[in-house]
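A.B. asks: Hey, can you work out the whole structure from these sequences and the hints?
These protein sequence lines are chains A and B, in that order. Take the first sequence: its position 30, counted from the start at 1, is 30 in UniProt numbering, and no numbers get skipped. Take the second sequence: its position 45, counted from the start at 1, is 45 in UniProt numbering, and no numbers get skipped.
Heads up, a few of these hints could be off.
[What the hints assert, rightly or not] Output of the computed footprint for chain B on chain A, the stretches with three or more beta carbons under 8 Å from beta carbons of chain B:
#1 29 to 38
#2 45 to 53
#3 56 to 64
#4 70 to 77
[As the list claims (entries may be wrong)] With a straight-line cut-off of 30 Å between C-alpha atoms, the simulated DSBU-like cross-links for lysine-lysine are:
#5 B:544 x B:464
#6 B:568 x A:18
#7 B:324 x A:18
#8 B:146 x B:127
#9 B:531 x B:548
#10 B:324 x B:127
#11 A:45 x B:146
#12 B:324 x A:45
#13 B:146 x B:324
#14 B:127 x B:252
#15 A:23 x B:146
#16 B:92 x B:464
#17 B:92 x B:568
#18 A:18 x A:45
#19 B:117 x B:308
Everything labelled a hint here was simulated from the structure, so no lab data went into it. In this text, a Cβ means the ideal position worked out from N, Cα and C, and glycines have one as well.
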Amino acid sequence: MPLASYQTSVPVIVDDAKCIADKGCTVCVDVCPLDVLRISDMTNKAYMAYDECWYCMPCEADCPTGAVTVNIPYLLR
Amino acid sequence: MALDQIVDGLSEVSCDVLVIGGGTAGPMAALKAKLKNPKANVVLLEKANVKRSGAISMGMDGLNNAVIPGYATPEQYTKEITIANDGIVDQKAVYKYAQNCFEIIEELDSFGIRFLKNENGDYAVKKVHHIGTYVLPMPNGETVKKALYRQLRRARILISNRYMATRLLKSSDGRIAGAISVNTRTAEMLVIKAKAVILCMGAAGRLGLPTSGYMFGTYENAANSGDGYAMAYHAGAALANLECFQINPLIKDYNGPACAYVAGPFGAYTANNEGSRFIECDYWSGQMMLEFYNELLSGKGPVFLQLKHLHPDTISEIESTLHKVERPTRGLFQQGRGVNYRSESIEMHISEIGFCSGHSASGVFVDDNARTTVPGLYAAGDMASVPHNYMLGAFTNGSVAGIDAMEFADSHDFAEFDAADVAIERDRVMAPTAREDGIPPNQIEYKTRRLVNDYLQPPKVTRKYELGMRRLAEAREDMQERMIARNAHELLRALEVQSIMDCADMAAHASLYREESRWGLYHWRTDFPEKDNENWFCHTLLSKRDGKMTSEKRAVEPYVVPITDDEKDLYDKQRIRASA
Ligand SMILES: Cc1cc2nc3c(=O)[nH]c(=O)nc-3n(C[C@H](O)[C@H](O)[C@H](O)COP(=O)(O)OP(=O)(O)OC[C@H]3O[C@@H](n4cnc5c(N)ncnc54)[C@H](O)[C@@H]3O)c2cc1C
Ligand code: SF4
Ligand code: SF4
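C.D. replies: This is the structure:
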């Protein structure tokens, strides 16, 4: 059965200008309870790879540079 | 390397005590086990990262069930929980918790976690329950996880993050021998041999589907997919009163607590669309949830948490708590909707169903030493059967489990498991990765949980349950034959769906077994609408026997604290009678 990819607007956004993943930071990726953040191979910045978020906040609270913003997932906003 | 690429691998390590789940109960269990025998090896295995995992990921605003000398006695608390849980309580474990929890509060205090005190330096406990006074605010509640983590590091507990436990291992004579786990980012497997194992994997929080339709918008931390319940089941341990579901009153759509325990002591209350109170007491019980449900459907819904009548300074104080700890995105949510607590009430709704003893009474059966029915296997926190346990119960019983498990490990050698069991589990775990083509886990999970809502959510109707079980069996077949996982992250979700499916089956089986109604909304069976104390004043134990799901009755242990006849029904009288 063929698969289609499904568009979804993700709740967590990262400000590339502030993110220092390219200098080795992985804090947000490390702390997320749902393990949905990753560092992009292309930009070397953190981003939300999977839309499976508990809107809980550790990523935003623990980011050393204030690069992460957690929004309420659209379906329950 | 591609994102979450699957790596083939299997390794084995061993330890004296293995704790699975590093949320709330787990860190305390690991710490106490290690302090009991500092020379022993204690491993704390966690699916996420112990720094920020579990229900208390962002801290907590208070203790819901603190038994503090001068405010309450262990006898009073045991009585209250017995009545709130409709009498089906082995009081010994509740009483032991009530006796021990003050010591744990003082210990948490020594870790740097502060509790609210009044001018005289006494703990400032608040009344929320029907009878007694047990709620204690935590002014720096956001620091809980950091404080625990410091203790774990100091005690040199070995922490393994991002390993999801999938099955327990046993010896041929039925003793616990260890556990099997999978790395959630590489799919490499790790076998951990252990003399004793403590399960602290939290509630089964991804069982029902939230009304928003967002699969991860659950009340519980969405990492708690019921793996602990499924693992205990497959290891042959008994699970108690699973039909006593967890259902909570929550902020509609946001699906987090509002929270009456924070706002209630300041004068906030639950009201209907006329602004009138309709329940006597905001403490979360099945009886209270039934009135909540009835009100929603009565034409007097929606239901609200009312606080706009309070002084603006009081509202600011409540707001700063709600928007800072526990579920801090509450503020963002209300802001997005333009809701100001000063002028508008908070619209409430009821949550999806789950298993949880922390809030209800559905859990892996344990005695007052946190022992399950499998020798060497322990459970604590939301997934263990001590009812209405909450956070302090997770800490206190985690402590009990840690100490007893280390005593067990000190007096036993490793039990031998059969290597074939590991091979079988490896095949099960990896099966979705071997398929080229099929159905992704998110679709199977959505469908399973949608079926849970359609057929298993109370009121429980026998005919609906029978149909629901047929539909679930079809979804299970898809899951077993056709589910695919294309990377390690998808494999994590694929394994979680299997736990969710097992929990759905257990929820249905347990609910059909108990032929009466009890615990208000939690077990309201329309075909058996009355409470039947003559036949059903007992626990039900569900377990796997010869590969099949079975249920049996178990007598309630004789009470330690007697309950008089006029006290028994106090929680049944939740509805405020219309005043003439
Ligand atoms: C939103 C919310 C608000 C609450 N408010 C209060 C309150 O104000 N006061 C109060 O007293 N109580 C409150 N509670 C209840 C209290 O937080 C819980 O009862 C308690 O924290 C449960 O602890 P636990 O250790 O059982 O579970 P958790 O703390 O949830 O820990 C379970 C851990 O197991 C891990 N895990 C799960 N599956 C696996 C696996 N397969 N392998 C490895 N690890 C796994 C999870 O990642 C998690 O870290 C609240 C709960 C919630 C959800
Ligand atoms: S924590 Fe902040 S700085 Fe670090 S990787 Fe994440 S977004 Fe970038
Ligand atoms: S809000 Fe929570 S679940 Fe969502 S990305 Fe951040 S840490 Fe992960």
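A.B. asks: All hints, please: hold or fail.
C.D. replies: Cross-check of the supplied hints:
1. Counting residues of the region 29 to 38 of chain A whose CB falls under 8 Å from any CB of chain B gives 7; the rule of at least 3 is met.
2. Residue count for the region 45 to 53 of chain A with a Cβ under 8 Å from a Cβ of chain B: 4. That meets the three needed, and the coverage hint holds.
3. With 5 residues having a beta carbon nearer than 8 Å to a beta carbon of chain B, the region 56 to 64 of chain A meets the requirement of three or more and the stated coverage holds.
4. With 7 residues bearing a CB less than 8 Å from a CB of chain B, the region 70 to 77 of chain A meets the requirement of three and the coverage assertion stands.
5. Between residue 544 (chain B) and residue 464 (chain B) the alpha-carbon distance is near 24 Å, which keeps this suggested pair within the 30 Å criterion.
6. Between residue 568 (chain B) and residue 18 (chain A) the CA atoms are separated by roughly 60 Å; this puts the pair beyond 30 Å, and the hint is violated.
7. Restraint check for residue 324 (chain B) and residue 18 (chain A): the C-alpha separation of about 24 Å stays at or below 30 Å, so the hint holds.
8. Restraint check for residue 146 (chain B) and residue 127 (chain B): satisfied, since their Cα atoms lie roughly 29 Å apart, inside the 30 Å limit.
9. Of the pairs offered as hints, the one joining residue 531 (chain B) and residue 548 (chain B) holds, with about 28 Å between alpha carbons and a cut-off of 30 Å not exceeded.
10. Note on residue 324 (chain B) and residue 127 (chain B): the hinted pairing holds, with a Cα-Cα distance of about 22 Å set against a maximum of 30 Å.
11. For a cut-off of 30 Å, the pair hint linking residue 45 (chain A) to residue 146 (chain B) stands: about 26 Å separates their Cα positions.
12. Only pairs whose Cα atoms come within 30 Å are accepted, and residue 324 (chain B) paired with residue 45 (chain A) is accepted, the gap being roughly 27 Å.
13. Of the pairs offered as hints, the one joining residue 146 (chain B) and residue 324 (chain B) holds, with about 16 Å between alpha carbons and a cut-off of 30 Å not exceeded.
14. Under the criterion of a C-alpha separation no larger than 30 Å, the hint pairing residue 127 (chain B) with residue 252 (chain B) is consistent with the structure, at around 25 Å.
15. This hinted pair checks out: residue 23 (chain A) and residue 146 (chain B) have alpha carbons roughly 25 Å apart, not beyond 30 Å.
16. Taking the CA atoms of residue 92 (chain B) and residue 464 (chain B), the gap is near 37 Å; set against the 30 Å cutoff, the hint is violated.
17. In summary, the hint linking residue 92 (chain B) to residue 568 (chain B) is supported, as the alpha carbons are separated by about 18 Å, within the 30 Å threshold.
18. For the suggested pair residue 18 (chain A) and residue 45 (chain A), the alpha carbons sit about 9 Å apart, so the restraint of at most 30 Å is met.
19. Proposed proximity of residue 117 (chain B) and residue 308 (chain B) is supported: the alpha carbons are some 26 Å apart, at most 30 Å.
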